[in-house]
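Engineer: The two chains are supplied separately, each in an independent frame; assemble them into the complex guided by the hints.
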Amino acid sequence: MSDASFQFRKANRSLMERLFEPPAVGRMSPASRVVVYVLLFLWTLFVLFPIYWVIITSFKDAAAVNQGPYYIPFVDFQPNLNAWRAQFTEDSYCNVAAVGRQLYLLGHNLVAFLLSPVVTIAPMEPQICKILLAFTNSVVVSVISTALCVAVGSMAAYALARIQYKPKFGNILMFVLLTLGVILATSYGGVPWYVSTAVALALFFFLVRAIGRHFKRSLGNGDILFWIISQRILPPIVVVIPVYVMFQAVKMLDTHFALIVLYAVANLPIVVWLMHDFFAGLPIELEESAQLDGATRPRIFWEIVLPLTRPGLAATTLLILVLNWNEYLFAVFLATVKVQTLPIMVAAKNAGEKGVFWWEMCAVIVVMIVPVIVMAILLTRFISKGVLMGAVKG
Amino acid sequence: MTSMQTTVQPGTSPAGTSSGESWSEWLDRHSGTFFIAPAVTLILIFSIFPTFYSIVFALSRVRFTGEGLQFRFVGFRNFEKQFFGSDQVHFLGKLTPAGLIGMGLAAIITGLVLVWWVRSFRRTTAVGMLGRTISAAMAIFLAWIGGLSLLSGNSIGTLYTTLFYVIVGCGLQFVIGTGLAFLCSQPISGRNFFRVVFFIPLMVTPLGVGYAMKMVADITKGPFEPILRFLDIQDWVWSADAWSARIVMMVCDSWQWIPFIFITMLAALENVPRDHVEAAQVDGASSVQIFREITWPQIVPVAVTVLLIRAIEAFKIVDLPNIMTGGGPGSSTESMTLHSVYVWRANDIGSSAAIAYLLLILTVVCCASFFNYVVLGQLRKAKA
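Chain order of the listed sequences is A and B.
Numbering-wise, the first sequence is residues 1 to 394 according to this note's numbering.
Numbering-wise, the second sequence is residues 1 to 384 according to this note's numbering.
Just so you know, not all the hints are guaranteed correct.
Stated by the list, open to error - Part of the chain A face toward chain B, derived, beta carbon under 7 Å: (1) Trp53; (2) Tyr328; (3) Pro371; (4) Val372.
As the list claims (entries may be wrong) - Label-pair distances were calculated between CB atoms; the ranges are: (5) B:Ile167 - A:Met252: 34 to 42 Å; (6) A:Pro123 - B:Pro329: 44 to 52 Å; (7) B:Leu44 - A:Glu303: 24 to 32 Å; (8) B:Leu112 - A:Asp223: 56 to 64 Å; (9) A:Phe226 - B:Trp116: 57 to 65 Å; (10) B:Ile167 - A:Leu19: 35 to 43 Å.
Unchecked claim - Straight-line distance between alpha carbons at most 25 Å, and here's what the computed SDA-like set of lysine to any residue pairs gives: (11) A:Lys166 - B:Gly32; (12) A:Lys166 - B:Gly171; (13) A:Lys168 - A:Arg213; (14) A:Lys251 - B:Ile48; (15) A:Lys130 - A:Gly190; (16) A:Lys385 - A:Trp273; (17) A:Lys251 - B:Phe52; (18) A:Lys251 - B:Thr41; (19) A:Lys385 - B:Leu307; (20) A:Lys130 - A:Ile144; (21) B:Lys221 - A:Val75; (22) B:Lys383 - B:Leu307; (23) A:Lys385 - A:Leu306; (24) A:Lys385 - B:Phe193; (25) A:Lys385 - A:Ile304; (26) A:Lys166 - B:Gln70; (27) A:Lys385 - B:Arg191; (28) A:Lys251 - A:Gly190; (29) A:Lys385 - A:Gly281; (30) B:Lys94 - B:Leu307; (31) A:Lys216 - B:Thr41; (32) B:Lys221 - A:Val47; (33) A:Lys166 - B:Leu42; (34) A:Lys338 - A:Phe357; (35) B:Lys383 - A:Asp223; (36) A:Lys166 - A:Ala210; (37) A:Lys251 - A:Ile121; (38) A:Lys251 - B:Gln70; (39) A:Lys168 - B:Phe52; (40) A:Lys168 - B:Ile48.
Hints were generated in silico from the structure; no laboratory data involved.
Idealized CB from N, CA, C, for every residue including glycine.
One chain only, chain B, in its complex shape (with noise of 0.2 Å):
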């Protein structure tokens, strides 16, 4: 039943030999690889060669020409070029002049990393610990350009708004989202119209959320215009400062993505045993500890999970900038992928693939160290 039918027996069925078999009967026969074989070969072709035929491109100075395209290998240039020649301070900063609070944490951080790295020497197998590198190698690397840029007051370039994107809206997300679904699970009537409203905003289209953030947002005509006249505060252009355009950012994004979180959780919390609270609210628990003691255990696992999942899609954040800012102030609204087509609108196509490129080295190794080190962790927990 459950194999794949390579082995028929020629004497035994009639259905081995190809002679005399019906068409349906060849199909069933075979199965296994029509079923399959649709999907592989969609993949094969516009995920799989497009991922390779991108190093090709990264590798190359690419030229549209008449009869089609003309590479022209360079090696290495287009990555040297984002992190030490002319397109340095957009992709990743500026990193001079260097703070001591930055290079302080980042050596610390990178003593921690080399601490936890050579511990792991003794627990785990030479995969593994081939893993454990580039995993600490990305996470010193992404320390020192953070101490550098970030800590010591210098402006961030598309690697770490991106990377804020990531770390900050996941967060805040995440806290507010599991906070909803806390309170929707809570016994109160109209919970299926909060639930259909909160969850409306992840549907929308990301591009109209844009425009409609971006009217809602506007300082002379928007809405809240009085609000900001009466506060006095009228001549503050939130687009015009980079933190305050990317807490902007962050605020939309938020609104989009937190009914995932929000559906997701309220899912787990539904799932937890109503008897087990019962029985804790009787013997006198505060609605804390029950949280703390029984519920959050309970909900661990979908929750990490649900991170995982909302952390990828955040790596490919592009439609809100793109229509908000077009990346301004300057370019610190830019993600990496907004970064990617600009490069590609001025037509450097080598260097718009070496940063797509970039990206997915990030997202990989930043969503696979979570999967392993926190992910598989807990669902092992939640399964012992």
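With the rest of the complex left out, here is chain A (with noise of 0.2 Å):
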């Protein structure tokens, strides 16, 4: 403390002064700060002793789980590798080798797909086994969903910032009425979903121009805004029925895409609520003379306005990854045999018909948390520098 010099109590001072008040502004006295200390220690103790737990179980045996608890490894157990050995031996193909060709799999049957309406391409068949399925399943979901989340949700949100947007209220309202038609007609009618689609769309389209400059109220950026945010109160649930009956209805489920998009959709909200912010505090005044040299608007998005964000996008990109990483709902509803996640796979392990091994789901619990861990650890440097803080600041 810079200020540790300036004493406001008597110099000479009993023991209990000494003990219970400050020595000096900004400082604490000696038994409050032991009282802090412990506590803290108390806490710390609470929020490893679990993470603590896993990890230890994962290098424990049968019997070293089920003769009661033992806790130290190397003192009352002798910790082996057995469980970590099982999931890269149970089946063939458990090396990067493996990995590697799932990657291009994922490519290839891709492009298959892409291509399918033209040419025939034989879909290849995995070769991987479970643990390392689940966690490049977990990688490429995770890591392309915050990819497009945050690309699609600061666009977003730099429009917000800078572009007046003047939805027509009318407009919005045919969207709704027609939304509702093209459902009712679809479900109860048993019209044919592409056709429903396509007309109400084509309707749209055509009323928005007929009539759609005739309505006078508008909204303004901030309800827009607003709106996107809200969605984040939606419960994942009251989606999840129906986004299971529209990717059965074009064939798409237990495909990454599936998981990609709605895991980007879920966290849109809040990409766009951060990124708002970031954006909002930039000086306007380095975009408008970017405008005046003649650069257009696209341009001065990628060049200007991302370089100067960078540490928030950075904050932000980390955060929505964990997210993703730790998805459970949609992935049990949606992904259930070829797109496996960690979550799912460890869920999975526990519905053995021998009871449950948990020294074995330990060392998946292991594998799924340690890089969450990581991010953990990075993503507090940036909020101890105040990145992430803003938005809450309101």
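Structural biologist: See the structure below:
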């Protein structure tokens, strides 16, 4: 403390005063210092103990788990790698090459799917053990959906911070009514979904052209921003039942695409909320002078605005990455076999017939949580620099 | 600069005509649309459309057939079932026999809410009045359900279990989280260490938290077994009693979510100007006085915002009860989301959607009320 030299109590103090009164402004008395440290260390224990327990359990064998609690490796039980070995030897193809092949397979099958109207390419069959498959799925889904979410979200956030929108109230009402029409026609009328959707879209654009300009009342940017952010209130369970049916209708259940898109949409409100705050805080003069120099808006966004908000962008990306990595409810509904993510695989381990092999499950949990703990440590660096807190302060 | 270029004058700018302009110019002219269209389209397709579509599910009996789904319109029967029919005990709880305390308290709350509602007639507009009517109706409904089930000593349903998670969880987490943030904002060494460690649980996969806690709370093989044996309560099975199971659930949920309150409140506390606090110290104010008179007023706006965000997420709780107890014993730790998932698994898709919709209504009314009556008020006070 810089001002520690400033004494505001008398110089020679009794023992009680020494213990319970702060020596200087901005300092704490020894007694309260002890209390603070004791409380903080107790909480540290509370926080770290479950993680510690999972990690040591993954190095136990059946006997060490079942014969009562053992706490310290090498002291009251002998750690071994059986649980870990079981993960990597129960199937063949448990190596880095299998991961590489799996990534290649995803690209291959995507190309095969995209070209399927033109030529038929046989999709490849996966050759990879369960844990690496789940790991690869988790990485692919969370990385791609984070990229999608941050890209789409920050574009929208920038636009809402800098461009005036005036959506007509009547147009929105028309859209809602047509949506309801599509839903009713498809579910009760037996009309195929693609027919009703195409008709409704055509009708909507026609009506906007025809009578759109007669509507007077319009909404502003604040309303759009509030609308996007308020999507976060929506409980995922409301969405997931119809979404399951929608993906079933286009035969896309149990695909990476389904998870990627859903995760991206679920986290879009957070990205827009945080990034809008960063963009709104930038000085507008830079962009104005760039525009005078003839830069187009996409170029201004890419070359001036994004580099300026790099810390915010990085922190947001990290946060979304963690949220996607942890997502469970959507995956339970939409990812059954092929795109099992790590949380689903852990949950599946619980359903074994021979009882739960806690030590094996713990090994998978460790694989699942070590990356997020690393990301959490990175994220605290941003937070302690005050990067992520602006939005909360309102 | 800041207006969408809908009014390009044909005479002044060659870009107004479509011939002769380059692709990038065209893109620039429509950049307003291109920047926001992807986000809006995604939300419309995967968020708004399903929300509307869900209504059809909730109002129908749905069957999976060979060629797809078959809907049969049944009106509000799926909702009726939750409130008056076979699922009443599961959703609302056991409402009979009614206890005197519960009825009395519900009546008092009803009276207070009605007084508030009548008095607000003079103060707000028609739209504001509509909002207050909805809030009041929800408050009275919840008061009676709570009075007849919880306060009459009957078992509570998934509705009140969810509310228990939200109210008790948010309260507990807020108090402990703010307390920790206060401790961490003191001039001590090692703050960065505590900050990093305390933040970690928030990021750990909720499902992993569920299994880790299940192991830690295990009464025969878990780490606390010697303590239970020492206290001679090793026959006490927390997962067999409704309230102890809910409380264990709350402890585990707090383990995960206190970091969120902690990290935001710590940022707010560090934002309080140090010289105000030190000036008060020099004037001889006690630390309690300093906290109440100087620190607290400055962090209230952040506090209520953080509580709102936490409450929104708390309504969605599903992973923990699903893993730790499977909703048991009976259905006493089932949140509404889990209730909906189980009904879906039982192939009653209509009821599942109805419960999901009820959760949506509950969440929106509670959070919007909190936002309008508490958060906005505090934010205005802070700006003034």
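Engineer: It remains to establish, for every hint, whether it holds in the given structure.
Structural biologist: Against the structure, the hints come out as follows:
1. Trp53: OK, holds: A:Trp53 within 7 Å of chain B, min 6 Å.
2. Tyr328: Hint on A:Tyr328: holds, closest Cβ of chain B at ~5 Å, below 7 Å.
3. Pro371: 10 Å, violated
4. Val372: 5 Å, holds
5. B:Ile167 - A:Met252: 34 to 42 Å: 39 Å, holds
6. A:Pro123 - B:Pro329: 44 to 52 Å: Between A:Pro123 and B:Pro329, where Cβ atoms are some 47 Å apart, the hint holds.
7. B:Leu44 - A:Glu303: 24 to 32 Å: 30 Å, holds
8. B:Leu112 - A:Asp223: 56 to 64 Å: 34 Å, violated
9. A:Phe226 - B:Trp116: 57 to 65 Å: 26 Å, violated
10. B:Ile167 - A:Leu19: 35 to 43 Å: About 40 Å separates the Cβ atoms of B:Ile167 and A:Leu19, which means 35 to 43 Å holds.
11. A:Lys166 - B:Gly32: At roughly 11 Å apart (the allowed maximum being 25 Å), B:Gly32 and A:Lys166 satisfy the hint.
12. A:Lys166 - B:Gly171: 40 Å, violated
13. A:Lys168 - A:Arg213: Distance of about 9 Å is within 25 Å: holds.
14. A:Lys251 - B:Ile48: 21 Å, holds
15. A:Lys130 - A:Gly190: Between A:Lys130 and A:Gly190 the Cα gap is close to 41 Å, so the pair fails against 25 Å, i.e. violated.
16. A:Lys385 - A:Trp273: Roughly 19 Å between the alpha carbons, so the hint for A:Lys385 and A:Trp273 holds.
17. A:Lys251 - B:Phe52: With Cα atoms ~21 Å apart, A:Lys251 and B:Phe52 stay inside 25 Å; holds.
18. A:Lys251 - B:Thr41: 21 Å, holds
19. A:Lys385 - B:Leu307: 23 Å, holds
20. A:Lys130 - A:Ile144: 21 Å, holds
21. B:Lys221 - A:Val75: Holds, because 18 Å separates the two Cα atoms, which is no more than 25 Å.
22. B:Lys383 - B:Leu307: 19 Å, holds
23. A:Lys385 - A:Leu306: Distance of about 19 Å is within 25 Å: holds.
24. A:Lys385 - B:Phe193: 15 Å, holds
25. A:Lys385 - A:Ile304: Holds, at about 22 Å.
26. A:Lys166 - B:Gln70: Roughly 40 Å separates the two Cα atoms, so the pair is violated.
27. A:Lys385 - B:Arg191: Distance of about 13 Å is within 25 Å: holds.
28. A:Lys251 - A:Gly190: OK: A:Lys251 and A:Gly190 at ~18 Å, within 25 Å.
29. A:Lys385 - A:Gly281: This hinted pair holds, its Cα atoms lying about 16 Å apart.
30. B:Lys94 - B:Leu307: 30 Å, violated
31. A:Lys216 - B:Thr41: Holds, at roughly 24 Å.
32. B:Lys221 - A:Val47: This hinted pair holds, its Cα atoms lying about 20 Å apart.
33. A:Lys166 - B:Leu42: Given pair A:Lys166, B:Leu42 holds - Cα atoms ~20 Å apart, limit 25 Å.
34. A:Lys338 - A:Phe357: Holds - the C-alpha atoms of A:Phe357 and A:Lys338 are around 23 Å apart, at most 25 Å.
35. B:Lys383 - A:Asp223: 21 Å, holds
36. A:Lys166 - A:Ala210: Distance of about 18 Å is within 25 Å: holds.
37. A:Lys251 - A:Ile121: 18 Å, holds
38. A:Lys251 - B:Gln70: Within the cut-off at roughly 17 Å; holds.
39. A:Lys168 - B:Phe52: 21 Å, holds
40. A:Lys168 - B:Ile48: 18 Å, holds
The structure fails hints 3, 8, 9, 12, 15, 26 and 30 (numbered hints given earlier, in ascending order).
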